[in-house]
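Protein chains: 2
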Amino acid sequence: MSRALVTDLYELNMAASYLHREMDAPATFSLFVRDLPSNRGFLVSAGLEACLEYLEEFHFDDDELAWLRTAGFPEGMIRQFETVRFTGDVHAVPEGRIVLAKEPLLEVTAPIAEAQLVETYLLNQITYQSALATKAARCRLAAGHIDLVDFALRRTHGTEAGMAVARVSAIAGFVGTSNVEAARRYGLTPAGTMAHSYVEAFGTEREAFLTFAQDLPGRTTFLVDTYDTLKGVDTAIDVVRELGLSEDVGVRLDSGDLVALARDTRERLDAAGLSWVRIFASGGLDEHDLERFRLSGAPIDAVGVGTRMGVSDDAPFLDTAYKLVEFDFRPVMKLSTGKVSLPGAKQVWRSHPISSDLLTTRDEPGPAGAEPLLVPVVRGGKRISEPDTIDAARERLARDLDDLPQSALDLRRPTAPSVVVSDHLARLTEHTRRALTPTSDPPDQSL
Amino acid sequence: MSRALVTDLYELNMAASYLHREMDAPATFSLFVRDLPSNRGFLVSAGLEACLEYLEEFHFDDDELAWLRTAGFPEGMIRQFETVRFTGDVHAVPEGRIVLAKEPLLEVTAPIAEAQLVETYLLNQITYQSALATKAARCRLAAGHIDLVDFALRRTHGTEAGMAVARVSAIAGFVGTSNVEAARRYGLTPAGTMAHSYVEAFGTEREAFLTFAQDLPGRTTFLVDTYDTLKGVDTAIDVVRELGLSEDVGVRLDSGDLVALARDTRERLDAAGLSWVRIFASGGLDEHDLERFRLSGAPIDAVGVGTRMGVSDDAPFLDTAYKLVEFDFRPVMKLSTGKVSLPGAKQVWRSHPISSDLLTTRDEPGPAGAEPLLVPVVRGGKRISEPDTIDAARERLARDLDDLPQSALDLRRPTAPSVVVSDHLARLTEHTRRALTPTSDPPDQSL
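These protein sequence lines map, in sequence, to chains L and P. The first sequence maps to residues 291 to 737 in the numbering used here. The second sequence maps to residues 291 to 737 in the numbering used here.
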C-alpha cells in the first residue's frame, strides 16, 4: 500500500519544484529533538523500523497520481512523481538507545526531492514512538521488581498508536500486552483478565468466578472490586479451594487505595494458604504510582499500565525537527529566532558511563573509547541489514539505562546529561553563519 | 480487513465464556466520560463514523482464527468465534454535538458476547477522536475571525491519528489541512507553503521565492523567517512586483514575536500597495496563542495549528468507560470505589440554550421542548442511515457552541453545564444498588 500522500502538501510543492528544475544534488536532513520536555532527563529512540519499511516501499500509486492531477499539479510534475523512489542513504540511532536534545536520531542523504518527500512520515513515526517509548521506560524504571503489562489500547490515539505502544513498551521491558493484534504481530505475550461486566452478567460474583475459572483454565485472574474488594478476595479464595486450583491464579485490584488493599489481600490469601496467588493492580496508573508502590513495599506482583503511558500524558509530543544541514556538498543552517540549526552531517559519540555526549561532524574521529550512536541503516534506498528485533532493542535500552547517571533518571526534576559540540562543528557553525549574515553584528541567537 | 484482534485479550476471554455457555441474552453497554478534564467546559462528540464502519465489518478472518488456536483457545471456542458478527442495535450522539460528563455518547445493545467483543475498538475511537475534536473546537473558538489550517500530521500519534485530526478539525471549522491523504479521503482543502529547507536550497532567499512562485503559481506563500523576517518580507515584496503577481499570495511568519512581526509585515505590505497579500502565522501555537492574536487585533489572516492541537497536549485523553448497564432485561451497575455507574439504557435531553442537560432512562418522556441527543444509528447490525458528512457535523457543532453559556467556553477556568439525573433514573439507581448491597448501611459512594 502506498503512503506517499500521507504527507504535508508543502513536501509535494517543494519536490515538484525541485524535480521540475532537475535539482537533484544530494541533500542531508537531520532529524533531532530541539529541547527535551521539562520533565524528561533522557529520551528513548523508537520508530526507526516503521521508517525503514516506509522508505523501502516509497512510491506514488496510480490512484494517488490521478488525485494529484485533480488537485492541480501539472502533467509534467505528475510524470516525475510517477518515477520517484527513495534511492538515498540513512544513518540512524538504533531503537532502544538513549538520546538527548540536539542529537540526530536519523539523517537522510538523498536527491533533495526524495529527502523532502519523506519528511512528514519520518517525523511522525520517530516523534510519537520515541515519546511513548520514553514514557514506558520511565514506568519500567519506577516499578522496580513489579512486572508491567501494557493495557493502553482502549485510549491510545488510534489503533496504529496502540500497536506502537505495545511494541515500545515491550522494548522498555514490559512482560505482556492486552493488545491481541500486537501480540500476534510482534510475538508478544498476550495478557488479560475479566471486566466488571463479566461479574455483573452473573447472578453472583461467586458464580462469575466459578464460570470463568472453569471456562478459561490457566487464564484465571479474578477481578475482585466490582462490589466490595475484600469480600471479592474471599470469594476468590472460596472458588480456588472449591475447584482445587493450584497454579496460575491471580486477583486484580482496580480501584480504591491499592497499597492498603494489596496488603489486606495478601494477608487473606496467605492466611488461606494461597501465598502462590498473585496480586495484579490496575486503574489509571503511571510512573509516579509505580514508584509509590515500589517504595511502600506493597505486595503487588504485577501492574497493568494503560492510558497515561499510552498517550504519554505529561509529555505527549517531542519538539522534533527535520532540518536541511547540507545541500550540494555545502553546509546550510537556518537563523530563525530560537530555532537556529547546526550545519552538516553529524555523529554523536558516547562514553561510558554516560556523562556527556559529544556532537561532531560525521567524519570527525571520536574520543578514545567513545562509541558512535548513528550507524548506516540504508544505502542506495535499500536496508543494509535484517530488520531489528524487539529483543535487541530491549537489551540496548537496558544497557543504556544502566549507564545513565541517577540525576537523569529522577522522575520529577531530572537533569539530562550534557551534549557538547566539538570544536570542529562549532567552527563550521560559525563559518556557515557568517556566510549567511554579511553584517559584522554579533549573532544574537544562542544554540 | 478484519480488525477483530484489535482488542484487549479479556474481551476474547469473556466472549469465549459467554459463547461457550450460550449466554446470548441482550446486554446494553453505555459509553460515557466519567469526568471532564479540569480545563474543559464541554466535549465534542467524534469517532462515531469509524465505529459504525467497524461494527458493520466485524468478523474474525481465517488468519486470526488460526492465531487464536496457537494462543490456546480450544477448538470449540474458535468455531464459535468464526460465526460471530455484530447483530445488535446502537444508539449514539451524532458527531459534532456537545456532550458532557456522564452522558452516554453511544449505547450498544446486543447478545453479550458481541457487545463485549467490540468494547476496545469503540472506546479507542470515541475517546481519542472526541479529545482531539474538543481541542480543535477550543482553537476555533479562540481564533475569532482568523482562518485555521490543520498542520498537525508530523507529530500526531501515528498517521491514523493524523487522518482523524484533519477530519475532526474540519468538523470544528478549520478551512484546510496540510495532510494530503486526508484531503483526498475526506474532500478537504489541502493547504501548504514551503519549508525553510527550500529557501536554504537556493543561493539566496530571493532566488528561492522567484523559483517557487514560477513553478507553483497559485500556491504562493513565502516563508520569510529563514534568515531575517522583515528582510524576508521585503524580498517577497520585490518578487511579487518583479513577477507582476496580483492574487493568491501570502507571507508566512514561523518564529519570533508573531504579533509584532505581523504588524510590521502588514505595514510594509500596505506601504508597497500589497494590501491584498495575506499574512499566515505558524509555530507551536494553541488556543491560548490564538486568543492572544485575536485580542491584540494582530493583522494575522490565517494560522497553521499543529502539534498542540493534534495531540491535545493539555488533555490528551478522556476518562471514558464502557459499562454494562442492563443484562437480560435487568438493570446492573458496579459499586467500585469512585467508579459507581448508573444502571439502565439512557437518554440525554437538551433544552435551548444549554443550561443543564437531563439524564433519564431511555424510555422516559423528556421535558417539553427538549431534544434527545441519542438517536438510533444501527439496528440488527446494519446502519439505519447513510454515512454522516463532515459538513453536517460542522453545522451541528456550530449550533451547539452558539447554544453554550459563556462560562463553559472559558479557555482557562470553564464551568461545564450541569447534568441532572431524572427522578426515575435516581430511583432505579437506588433500587439497583440496594439489590446489590443487602446490608442496611447507607451507601458510601457518591455518583
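Be aware that one or more of the hints could be misleading.
[Said to hold, decoys possible] Below, a sample of chain L positions facing chain P; criterion: calculated Cβ distance under 7 Å:
(1) Ser292
(2) Val296
(3) Arg444
(4) Asp528
(5) Thr597
[Claimed, not checked] The following label-pair restraints were derived from C-beta to C-beta distances:
(6) L:Thr705 / P:Leu520: 31 to 41 Å
(7) L:Met291 / P:Asp560: 27 to 37 Å
(8) L:Ser675 / P:Glu532: 29 to 39 Å
(9) P:Asp618 / L:Arg673: 30 to 40 Å
(10) L:Glu685 / P:Leu585: 46 to 56 Å
(11) L:Ser708 / P:Asp547: 50 to 60 Å
(12) P:Arg689 / L:Arg673: 32 to 42 Å
(13) L:Met291 / P:Arg359: 43 to 53 Å
(14) L:Asp351 / P:Pro655: 24 to 34 Å
(15) L:Arg702 / P:Leu585: 26 to 36 Å
(16) P:Arg359 / L:Asp618: 49 to 59 Å
(17) P:Asp618 / L:Ala550: 28 to 38 Å
(18) L:Glu685 / P:Asn329: 33 to 43 Å
(19) L:Ala682 / P:Met291: 53 to 63 Å
In case anyone wonders, no lab produced these hints; they're calculated from the structure. The C-beta atom is built at its ideal place from N, Cα and C for all residues, glycine as well.
Quick rundown of the hints versus the structure:
1. Ser292: Since the shortest Cβ distance to chain P is 10 Å, the answer is violated.
2. Val296: With a closest approach of 5 Å, the Val296 (chain L) hint holds.
3. Arg444: With a minimum Cβ separation of about 4 Å from chain P (threshold 7 Å), the hint on Arg444 (chain L) holds.
4. Asp528: Constraint on Asp528 (chain L) not satisfied, violated at 18 Å.
5. Thr597: holds (5 Å)
6. L:Thr705 / P:Leu520: 31 to 41 Å: The hint (31 to 41 Å, Cβ to Cβ) holds, given that Thr705 (chain L) and Leu520 (chain P) are roughly 38 Å apart.
7. L:Met291 / P:Asp560: 27 to 37 Å: Between Met291 (chain L) and Asp560 (chain P), where Cβ atoms are some 49 Å apart, the hint is violated.
8. L:Ser675 / P:Glu532: 29 to 39 Å: violated (51 Å)
9. P:Asp618 / L:Arg673: 30 to 40 Å: violated (56 Å)
10. L:Glu685 / P:Leu585: 46 to 56 Å: holds (53 Å)
11. L:Ser708 / P:Asp547: 50 to 60 Å: violated (30 Å)
12. P:Arg689 / L:Arg673: 32 to 42 Å: violated (52 Å)
13. L:Met291 / P:Arg359: 43 to 53 Å: Cβ of Met291 (chain L) to Cβ of Arg359 (chain P): about 28 Å, so the range 43 to 53 Å is violated.
14. L:Asp351 / P:Pro655: 24 to 34 Å: For Asp351 (chain L) and Pro655 (chain P) the Cβ distance comes to about 54 Å; the hint is violated.
15. L:Arg702 / P:Leu585: 26 to 36 Å: holds (35 Å)
16. P:Arg359 / L:Asp618: 49 to 59 Å: holds (57 Å)
17. P:Asp618 / L:Ala550: 28 to 38 Å: holds (35 Å)
18. L:Glu685 / P:Asn329: 33 to 43 Å: Holds, since Glu685 (chain L) and Asn329 (chain P) (Cβ atoms, about 41 Å apart) stay within the stated range.
19. L:Ala682 / P:Met291: 53 to 63 Å: violated (30 Å)
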